[in-house]
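2 protein chains.
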Amino acid sequence: MKLYDGGRAPNPRRVRIFLAEKELEIPLVPVDMAAMEHRGEKLSRLNPLQRLPVLELDDGTVITESVAICRYFEELHPEPPLFGVGVREHALVEMWQRRIEFGLYAPVAAAFRHLHPAMKEWEVPQVPEWGEANKPKALEFMRFLDEELTRRPFIAGERFTIADITGLVSVQFMKLAHIEVPAELVHLRRWYENVAARPSASA
Amino acid sequence: MKLYDGGRAPNPRRVRIFLAEKELEIPLVPVDMAAMEHRGEKLSRLNPLQRLPVLELDDGTVITESVAICRYFEELHPEPPLFGVGVREHALVEMWQRRIEFGLYAPVAAAFRHLHPAMKEWEVPQVPEWGEANKPKALEFMRFLDEELTRRPFIAGERFTIADITGLVSVQFMKLAHIEVPAELVHLRRWYENVAARPSASA
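Line by line, the protein sequences are chains Y and X.
So for the first sequence, our numbering puts the first residue at 10; every next one is plus one.
So for the second sequence, our numbering puts the first residue at 10; every next one is plus one.
Any given hint could be a false lead.
The list that follows gives simulated cross-link-like pairs (lysine-lysine, PhoX-like), each with its CA atoms no further than 25 Å apart [unchecked claim]:
(1) X:K11 to Y:K146
(2) X:K11 to X:K51
(3) X:K144 to Y:K146
(4) X:K146 to Y:K129
(5) Y:K129 to X:K144
(6) X:K146 to Y:K51
Sample of chain Y residues with no beta-carbon within 10 Å of chain X, all distances over it, derived [said to hold, decoys possible]:
(7) R17
(8) L37
(9) P57
(10) E65
(11) A77
(12) R80
(13) P89
(14) W131
(15) V195
(16) H196
(17) Y201
By construction, these hints were calculated from the structure, which means they are not laboratory data.
Every value quoted in this text rests on a predicted model; they were computed, and no experiment measured them.
Quick reminder that beta carbons are idealized off the backbone N, C-alpha and C, glycines included.
If we strip away everything but chain Y, and leave its shape as in the complex, we get (with noise of 0.2 Å):
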């Protein structure tokens, strides 16, 4: 099997950060996005939609979307868990997944993609209106987090999981997106400080 890489940005990173907490090595054929070949003949038969990763496996199978690539390797190799364990934690986890990605990584990539000028050739038409609208967005569901981050040392529970590889990423995207932590949210500070410590963050 194959995996299109997609160097820096986000989601290629959060399928490169759940492999290492796997400890699993995949081949990667890199691709370079500011020349926009995720864009190119090639890319495109493979994903239609022009976004990576793309994960091609040795059948001919293509499977795309961060999250279904994370699922696939899961399944074939459960350990350590990062969907968490049994019908109710499969639940949880899932819930703060998409928790994590409604409300901190649309609203933060909503704000980078809209307000960005190197985003101009790739969001059309930019509105900028509707990236300033969604800053307020990330700060209310960062207010939210901070208190649940009270309770539990990870996002979703006692342990790490995909929800925390979406949180990690959501948070290191808000530097181009010119939102912060508040200084105040200190729960979400440490749950960031620790998950950020982790070896597999600098996949």
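Place chain X on chain Y using the hints.
Quick look at chain X alone, frame taken from chain Y:
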């Protein structure tokens, strides 16, 4: 257990259709979203994000996010399978579920929330330019989906899955967003008529 339900809103409907396909009857607690009951004290305690549906288990565990709730029931009641069967199919269903959510459901929801007068108090601020920008995104995705549906009966393959439920709800949601399936997308229309004719579609 109890499922706090939101009537005709698309996310609560996704879960009801899922339960109908499984032939499961779960006690429903109706919540009047038009009267903003989901933002009241009781529901806010269950889900601080003030969204529906919400599943409350007998041990007090609260599961929110439609797809997390569906996964919970899938694990408890695997038949008929609505998330695919086997590692490869699980990944492809997850991929398509996400493609439909990000490529169709999200733009339709954005067009509705940012353009419809009834959403003025729900989406603050409404950004009409962003609402309009989403209409061509939805159309472009429908063309991609139509082409994919030349090759198989259902969105993710040979069997009906949760991706079809999200697709069905998205297409029906389009009415409120003033978006139509173009007449020339005959494969998408054939798929829609097929899934809309299932008994579960009236749930």
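Status of the hints after comparison with the structure:
no.	hint	verdict
1	X:K11 to Y:K146	29 Å, violated
2	X:K11 to X:K51	14 Å, holds
3	X:K144 to Y:K146	23 Å, holds
4	X:K146 to Y:K129	16 Å, holds
5	Y:K129 to X:K144	19 Å, holds
6	X:K146 to Y:K51	23 Å, holds
7	R17	21 Å, holds
8	L37	18 Å, holds
9	P57	6 Å, violated
10	E65	12 Å, holds
11	A77	4 Å, violated
12	R80	5 Å, violated
13	P89	18 Å, holds
14	W131	13 Å, holds
15	V195	19 Å, holds
16	H196	15 Å, holds
17	Y201	20 Å, holds
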